[in-house]
Each structure stands twice: as structure tokens, then as C-alpha cells.
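Chemist: Residue numbers (our numbering), protein chains in the order written: chain A, 1 to 308; chain B, 1001 to 1308; chain C, 2001 to 2258; chain D, 3001 to 3258.
Hint data in this document are derived by calculation from the structure and do not stem from the laboratory. Keep in mind the model is a prediction, meaning the values are calculated, not measured. Fair warning: there could be bad hints in the mix.
Unchecked claim - Derived pair list, reagent style BS3-like, types lysine-lysine, alpha-carbon separation capped at 25 Å:
(1) Lys137/A with Lys2123/C
(2) Lys3123/D with Lys1069/B
(3) Lys69/A with Lys2123/C
(4) Lys69/A with Lys283/A
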Amino acid sequence: MPGKVATMRDAVADLVRDGDTVAIEGFTHLIGFAAGHEIIRQRKRDLTLARMTPDLIYDQMIAGGVARKLIFSWLGNPGVGGLNAIRRRIEPAAVGDGTPLEIEEYSHFGMVARYTAGAANLPFMPLRSYFETDLPKANPLIRPIRSPYSDETVYAVPPLNPDVTIIHAQRADANGNTQIWGLLGCQKEAAFAADRAIVVVEELVDEAVIRADPNRTVIPGLIVDAVVVQPYGAHPSYVQGAYDRDNRFYLDWDPISRDEEKTQAWLREWVYDLDGRAAYVDKLGTERIASLRPGSAPSGSVDYGDYR
Amino acid sequence: MPGKVATMRDAVADLVRDGDTVAIEGFTHLIGFAAGHEIIRQRKRDLTLARMTPDLIYDQMIAGGVARKLIFSWLGNPGVGGLNAIRRRIEPAAVGDGTPLEIEEYSHFGMVARYTAGAANLPFMPLRSYFETDLPKANPLIRPIRSPYSDETVYAVPPLNPDVTIIHAQRADANGNTQIWGLLGCQKEAAFAADRAIVVVEELVDEAVIRADPNRTVIPGLIVDAVVVQPYGAHPSYVQGAYDRDNRFYLDWDPISRDEEKTQAWLREWVYDLDGRAAYVDKLGTERIASLRPGSAPSGSVDYGDYR
Amino acid sequence: MSEPFSKSEMMIVAAARELAGQHVCFVGVGLPNIAVNLAKRTVAPDLELVYEAGVFGARPARLPLSIGDPTIVTGATAVVSMFELFAFYLQRGLIDVGFLGAAQIDRFGNLNSTVIGDYAAPKTRLPGSGGACEIAINARNVFVIMRQSTRSFVERIDFRTSPGNLGGAEQAEAIRRAGGWNGRGPSVVVTDLGIWHFDEAGEMRLDFLHPGATLDEVRATIAWEPRISPSLATTPAPTAVELRLVREELDPEGVYTK
Amino acid sequence: MSEPFSKSEMMIVAAARELAGQHVCFVGVGLPNIAVNLAKRTVAPDLELVYEAGVFGARPARLPLSIGDPTIVTGATAVVSMFELFAFYLQRGLIDVGFLGAAQIDRFGNLNSTVIGDYAAPKTRLPGSGGACEIAINARNVFVIMRQSTRSFVERIDFRTSPGNLGGAEQAEAIRRAGGWNGRGPSVVVTDLGIWHFDEAGEMRLDFLHPGATLDEVRATIAWEPRISPSLATTPAPTAVELRLVREELDPEGVYTK
Chain A
1 MPGKVATMRD AVADLVRDGD TVAIEGFTHL IGFAAGHEII RQRKRDLTLA RMTPDLIYDQ
61 MIAGGVARKL IFSWLGNPGV GGLNAIRRRI EPAAVGDGTP LEIEEYSHFG MVARYTAGAA
121 NLPFMPLRSY FETDLPKANP LIRPIRSPYS DETVYAVPPL NPDVTIIHAQ RADANGNTQI
181 WGLLGCQKEA AFAADRAIVV VEELVDEAVI RADPNRTVIP GLIVDAVVVQ PYGAHPSYVQ
241 GAYDRDNRFY LDWDPISRDE EKTQAWLREW VYDLDGRAAY VDKLGTERIA SLRPGSAPSG
301 SVDYGDYR
Chain B
1001 MPGKVATMRD AVADLVRDGD TVAIEGFTHL IGFAAGHEII RQRKRDLTLA RMTPDLIYDQ
1061 MIAGGVARKL IFSWLGNPGV GGLNAIRRRI EPAAVGDGTP LEIEEYSHFG MVARYTAGAA
1121 NLPFMPLRSY FETDLPKANP LIRPIRSPYS DETVYAVPPL NPDVTIIHAQ RADANGNTQI
1181 WGLLGCQKEA AFAADRAIVV VEELVDEAVI RADPNRTVIP GLIVDAVVVQ PYGAHPSYVQ
1241 GAYDRDNRFY LDWDPISRDE EKTQAWLREW VYDLDGRAAY VDKLGTERIA SLRPGSAPSG
1301 SVDYGDYR
Chain C
2001 MSEPFSKSEM MIVAAARELA GQHVCFVGVG LPNIAVNLAK RTVAPDLELV YEAGVFGARP
2061 ARLPLSIGDP TIVTGATAVV SMFELFAFYL QRGLIDVGFL GAAQIDRFGN LNSTVIGDYA
2121 APKTRLPGSG GACEIAINAR NVFVIMRQST RSFVERIDFR TSPGNLGGAE QAEAIRRAGG
2181 WNGRGPSVVV TDLGIWHFDE AGEMRLDFLH PGATLDEVRA TIAWEPRISP SLATTPAPTA
2241 VELRLVREEL DPEGVYTK
Chain D
3001 MSEPFSKSEM MIVAAARELA GQHVCFVGVG LPNIAVNLAK RTVAPDLELV YEAGVFGARP
3061 ARLPLSIGDP TIVTGATAVV SMFELFAFYL QRGLIDVGFL GAAQIDRFGN LNSTVIGDYA
3121 APKTRLPGSG GACEIAINAR NVFVIMRQST RSFVERIDFR TSPGNLGGAE QAEAIRRAGG
3181 WNGRGPSVVV TDLGIWHFDE AGEMRLDFLH PGATLDEVRA TIAWEPRISP SLATTPAPTA
3241 VELRLVREEL DPEGVYTK
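Chain A on its own, in the form it takes in the complex:
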């Protein structure tokens, strides 16, 4: 395969290093579970994990012991409850003599603004948020800034520049030119902000497919270091047009994650004892995969015009 196509094992081994700041972004949509599991499997350590919504994937990664710090804006199992493995590393009653997880907390717009500042190489990003809340006290990196045009004061957040950002997408070409439809979250900003980027896709397509609709391109290959082809790599989250969220998994995770032993047993069964995503998909079974397939809703085509 030409270009930047790599196996997940090689991409994670080469591009994710102990001590890195890692952002796996994707807001409810396109969550990079396959990449997260490979990071657990390779026993990376001392990572700072950044993500707006840590979701199950960071609960699993933190249970797997890869992280020393978490940067986030909403810590929950969406529609279900809390993230129990993470809470065990934050609430003193549960942490006990263990090592607590360091946390650095923002609001959603604060996280988006941090990635945007990082992507735009700005020393800060202003926003109208945080007024009269306790968040700037909890996180001294949220700072007031005065407008040069009036007496008005707003808040600022600093840039977030991950060492590596990992995103999942519907399709890319071998050079990493990546297209996404459906929710876009902050993937573009997180990818441009990063030093290195890994794109994991459902489908590898010919460059001509990308070039036929250049407005659909979210990430240019220019900033991509590796393209990993990994169908169903976002399960149990979803991929618009390809598969639905596997809600049963989100529900099942709650009782598993409430118990440390069950959590570790789950990691053994579904991560450590499997050699990669293909084995995971096999184990999940064709029936369950098939049940997640949506009907069809085509976008229609537009004409860019041939100008010569």
C-alpha cells in the first residue's frame, strides 16, 4: 500500500510515546475505540489524555493504567451515568493509597477554544464564558483578559497542542486526506493543533474520490502521519451512515465499571487477549454488527464544474 497506510499496531507503536499528551477526539460520533484499545494493549504509560467527553474509551484507558492526567469538559457515560473507573481515581474515598488522577477541567467551549488556539498557533483564545462561576478558581489556566477596545473583560484559555491527535473518520486516501460527514466535533482543530496525527478510517478510498468533493475534506494529508484502515473501529460509538451506536454496550459498561475486578476482567477479555480490532469484531459477532446497520439516506451530488 502506498502513502501513509499503516497497521494500528505500528501507528500506535511509532507515534504514541510514554508521557505524551494524547487527544482522541470525536464528540459522541466517531470515537476512536480501536486506537484506545491498542494504546492499552501496548501498555503506554504516563499519558496526559485530552478529550472533551472522556466517554467509555478513556474510562477503559484509565482503568488500563495508561494515564497520569486528564484534560476534559464533561465526564460521563452519555445517557447512562458516570464514568466509574475514572471516578475511582478522583474521589479520595475510592483512591485510598492509590495514585490520584490529575485533572484539568474546562467547559465544552473552553476545550474547543483551546484546540482552536492550538490549531491557529495563537497564545490564547478569548471567550464569553466562565463569568461568575467557580471554574477559574478550580483551574487557574482560565484567566481574565481585557479588551483593547473597551473596559470589557472576557476570559481566555491557553492553546492545547497535543503531541498526538487520533481521529476516526468515514474515509481517507492513502495520503491521509480525510473526509467526515455528520457531527464534526472538534476533530479538525485537534488535528491541526497536534504535532502528530493518526487517522483511522472505515474505508480507504482512491484519491479521486476525495478530489471529487474537496469541500467535504476535513483533514488534509499534510498534517497526517499515519492512516489506519479499521472497519468498525469506532464501536461501540457510531459512524454516520455506516453503523449505529451500540447502546447495549454503554448500558452494560455501567455495572462492569463499578467493580474494579470486573473492569480488569473485561480489559483482559476484550483488549489484552485479542490481537487487534479484527479479532474484536469477530468476537462481537456478525449478528450484533448487522443489527447496527442503518437504512440509506443519500446526500445527493453537486456539480463542481470542469473548467479547462
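Fit chains B, C and D to the given chain A structure using the hints.
Modeler: Just chains B, C and D, lined up with the frame of chain A:
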């Protein structure tokens, strides 16, 4: 017609008021000539015209006497030369006893950042530009700002919130939900920044066409006050997929605009003496219009999935 | 005579009715989502649904399981980046109503969804702000939906995630105006027992008691001595039409309404 | 023995050769556009073309008439908003080479494209910055293409639109580093008479004289006493392959090359 569909005459009469700040945006692509001509025809006065690249349309509007001030970042006839009618209102040797045009000047990124601040309701936008140039001396609204995270100083520009923004697009539905492909310029930012927005489209489409590809929507109807259907309304600029730039016009404008009398004669013939865009297109002739038609280059379709 | 209904159904219906006359609504999952969809089918047919995940004009074909369910994307009017959603829609002042819930609320409608206990060593770590703090600041109106209990309707919240009327209406109004906030603050709190609006002092005032609920219950589930409207009324019970829409169309499996 | 060629053709070919080893190039219209496309077909096959209008990875099927020609969009890799292009590509430091022209240049490569005369009462009003000031600051390297004349190669420019080596290399380097600029400043000036690079002091130094040009011509078209490289060489004439590409593929109508 339901929704916000209006004639160009009514949209301009109702929504563009003497003394307004008006932004007609569209970077080389989708320039709102039909709207600009209607503003000339209705003899609007004392406008502040904002636009990154004033282009021929503002040269014509300023020759038509609608403006007292210009906010811009690049003042030229792209690929051809200068904007002569505007220069006659700026260079003292040509202005003579006439009223000079007030100008407020930025760089491209400065203009984009001004609209972005306006669209995001921010009191300023920081950028890494203007260092060691004479632009902040020429325009005192370009001001240094210190980062709250270091000793670093960058520059800021203030928000630009037009009273009305006018954009041209390939298609919209009757509620003003607007889709654009090809160059996007700063239309989205300029539209969100404005108090009122007029969208002029080549084609009015059913809401279902818009909803089939929601990622393609650039402007939501929420911020649109009027939808004007005006095929070829961007001529002599172009519409991706629909028609090419009429370069002959850009070349022809240079000698016309060098002479004030010829300029006024042109305005009489092509603006004042016509009652609207349909008459302009007729006068242009079917052969010239047909010569601008590109070949076909379809985008292809993607699947959003039907989830129920 | 009306059909029997659950407390959740009453909350949904009460919240939906409050949306009459509103145009653009920031939707959360769960009860708010059902309430907004009910309002669109009853009192506010032109309501536009905005999801913080980046969706404007959503037309969910099923009950969304999360705020990022794929069903809110397919058939929507516009899908945009979260930067754009928060900057150009919310911060620009285009959102009329934002829904919030919380673990704690005080009499002035200030909300805590961050921690119970001390921030650095919490008894319970909650989800945190998400978009709540910016919704509280920049949505024109804030609707709160919460079940009453003395653990959540407290004298003093442990952490202020989302500002309400701060220490009172006068102070809050001055600060909101001076700081250029888009939001006017909380306008209603819909609970399982009644409907609270805010009085001139910026304090919660019980205006409606749901059918079957009592003032004793209200007082027993709130940690301060609540203000009761002198013209306290009973919330009209859900109509047959409202119940049918909720039960047959919006939550046929009863996930949120049982 | 080589074919006859025009001064414009020599400029295009010389600029194209300077692009060897470069990866991402911000393209302007006219000569730079042809030079970049020639480089892509000769010394820099992996060159990615970026247009400030918002295009990455353009593959123009014809010579673009303006920086926003529709032919740069169709078949491109990505088309993005101008905010994104300027913020995430240029300001982020992803652009290796930016091309600039100007009405005036000084010995340190500072450029004026704003006014001739006083800013408030100009003798000649020029187009202004456009993206030039941010390209000069944030493109890693700046290539200048200009025809020599004493009106444009001046002792003192009337307005600094685009910073070059400021008052000299040492000062410029310190300011660029302290201010966090991505750009290292101008690296070459290609004229109709020769190729200039910048010496240790940050001043233009003539390294190549085009075939047929003389040092007398060079001195007669420049307002200061120019530095001439002790190892001054003659620019290799355009090859038959280069000329064929320019004449048959890139500018078949000779718009820019006559």
C-alpha cells in the same frame, strides 16, 4: 412563494438603509453583482462598504455615489490592475475638490478575523500579523494585545458587525437555508456577524434538498431575512459548477473605469436604464452566457444513514 | 376527567408548555429532549432544535439516545463544527432557550453539576460543566428541569458551575448587563412537584403545584423555606393529546417517562 | 545552444528551480503561478499548491486567471474557509514558501504594496496588503518576483506592508524569534536580470546574472549600490523541457510570458 423569498428590489429597499454598513462578501467566487447594482439603482447613500476585495462591484457602487467609506484588505481588479473609480476618490490629485472616500484598511486575515469576532460576539480577535509593518500606524484600530500566559504580544482587530450582509450562493430553500460549494471565503462569518442578511441564489430548492446534505449548509435560515432568486446574479464573477468568470468583462472594465464619463455611461447603460438582473442577462445575450458554462464534475454522493 | 400519568410525564408536559412563543432551543437528552419535541408538536410548531454537538434544525426520527445520536443529523438543516455552534450560535445570542439540569440548585437558580464536597477532594465527582456554564451565560432564557430533594435543592451549592441569579436579581442583572452576557438568567424550574418562576428578588417562587402534589411535599424536599405564590394554582393535568404524543411518538419504550 | 527565450520565461524558470526541495507553496497569480506549476512538473513533483482563497492541493486544469479561479477548486484536495486557511495553514506554520511581489523593495527585502507617497494623501494608491503582510510574517520562506527599476528597487520604501529583514539580519532574526513568527524572512528575489539571495547582514546579494543581462543594467535599475557575489555566475538558460512546459502546457496563450 412561501418563507422569505423576495424580489431583489424589495429586499434591497427593505433591508439596506442609507448610512448602513453593508458587506457584500464572496472572495473572487459568488460576488453579488446583482445586489450591488440594485443598491446603485435605488440610489442608496452614505453607505460604509466592507469587503475584503472591493473588486469591480465596489468600484461600480462607489462610482455610483452610494458610499462614504470603504473597509477592505485588497483593492484591485484581480489579474488585471487597479480599481480606478475608487482610486479617483482616494488619490488627492484626482479627488480635487470632491469628497474623498474614507478608508479603513486591514490585511486579508485581519478582515476575516474582524468578521469572525463579529460572528462570535467577541470584543476582539487576536492574530499573529502586522508585526513590524506600517499598518497599525495607518489604522489605529489594529492594536497590540498581551497574552495572559506569557510576555508575548500579538495584535488584535475589533469585531465587524455589518448592518446588512449580502451573499450570493448556489442554492437555498425558501427559509434561507443556504448551501455553497467551491470557495467559501468569509461569507459565513460575515453573515453571522450582520444584523440582517440577504441571500441571493442561482436556484431555489426544496427544503428536502438541503436536509439531504446538512454538512453542506453554510448559512442557516435562522439568520437570513430575505432570499432572492437571481440566476446569473454573480456575473461577471462566477458560480462554481454553474458558470465561469467572464474575464472579458474584467479586462473591459479597466479602460472604462479609467474615464469618469465612460464609467457613468456604463452605469446608465447597464444599471440605471435596466429594471433588474433579468434585463441585464437579456442584454448580455444568450451566446455570451452559454460560453461561460463549464463541463460537468459531479461530487458523488455520501450516505447519512436512516436511523429510526 | 383525565387519564393517569407519571410524574415524569407531568414534568415533560409542563416544560413543553413553557416553550410557547420560543423559537430556537438548545436541547439536552432525556426529559428536555422529549419536552422540546412535544412543544414542537403542540405549542411551538416553529421551534428549531439545536444540539450542542453541532446540529441546527434537527428532525430526529426516533428518541435520541445521547446528545450526539446519528438520528439528529440525518435530515437536519445544518451540521457544523462545535466551534461554530458555540461561537456563532450560542455566544452570538441566537439561542432563545437552553435546558439545564444539575445535582444542586440554590434559591437563586445557581447550579452545580461539578462536584459534591470539596473540589480538590470531592465526595462525589459529577460530570462537570460540558456546555452548561456557557448556556447559563449566553442562552437568552434558561429552563431547569430537576426532581426535588433536600440533597439537590440546597441552601448553598458546593460549586457554581452555571450562574443563575447569583446573590439576587438586582446584582445579577447588573453583572449580566455590564459583562455583555446574552442571557437573562433562569426563567423557570420544572420539578416533579410543581413549576417555579423567579420573583422580583430573583428567588424561586412556586406558581403551580402539579395535580396530586402537596405543599408539605414541596417543603419537605427543599432545604430552604420556599416562596409560594399568593395565587398558587394547580398545573393543568396532561391532556389526552399530550399523553398520546409522549407515549406513542416520543418515548414509545418509556425510557424516560415510566 | 539554447532556444531564444523572453525575460519573463527566464524569471519563471529561475523561480521554479529555487523551489527544489520545498513541499507546501502559497501561490499567487501570474508569474508565481506558472513558476510553481513548472516546479511541480520538474524539480518538486510533490509540491502542494495552496491558494489564499482557501484551496489546498490544487490541480488547475488551465492557467488560473485570478487567485480564485474555479479551476483551482475542481479536483483539489481540500477547499476551506479563509479563516481556516489563514489560521490553520499559514499562521500554524504549514506553509514552506510564499510568493510576494510589490511596488517597492529595499535592500533588506522589506516590501511596499500599499501606497506611493504619503499614506494619508497618496500619489498612487496601490492594492494594499491582501495576505502579503501575514505571508511575510508566517510563511517559512518568502520568494519575491519583481522586475528591476529604480522606481521599485529603492533606498527607502514609502510604506512597509510586508516585513523582510527589517534593518538587517541580526535585528530581524531577534525580532522574528522573540515575536514567535513562523517565517525566516525573504530567501530569494528573482528579477528580470538575475537572482538575488540575502547575505549574512540580511542584504540582497546578486548571485546569478541572467544570460544576456549585464552588471551595468543591474546597477542602472537599482537605487542603491548593490552587493554582487564574488562568485557571481550566469543563470543557466531555460532548458528545452522547461520552455516546452511553459509554452505548451502552462501558458499556451502567452498571457504572462510574452
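Chemist: Compare the structure with each hint and give your call.
Modeler: Okay, the hints, checked on the actual structure:
{"no.": "1", "hint": "Lys137/A with Lys2123/C", "result": "19 Å, holds"}
{"no.": "2", "hint": "Lys3123/D with Lys1069/B", "result": "20 Å, holds"}
{"no.": "3", "hint": "Lys69/A with Lys2123/C", "result": "20 Å, holds"}
{"no.": "4", "hint": "Lys69/A with Lys283/A", "result": "32 Å, violated"}
In the structure shown, a violation is registered for the earlier hint numbered 4 alone.
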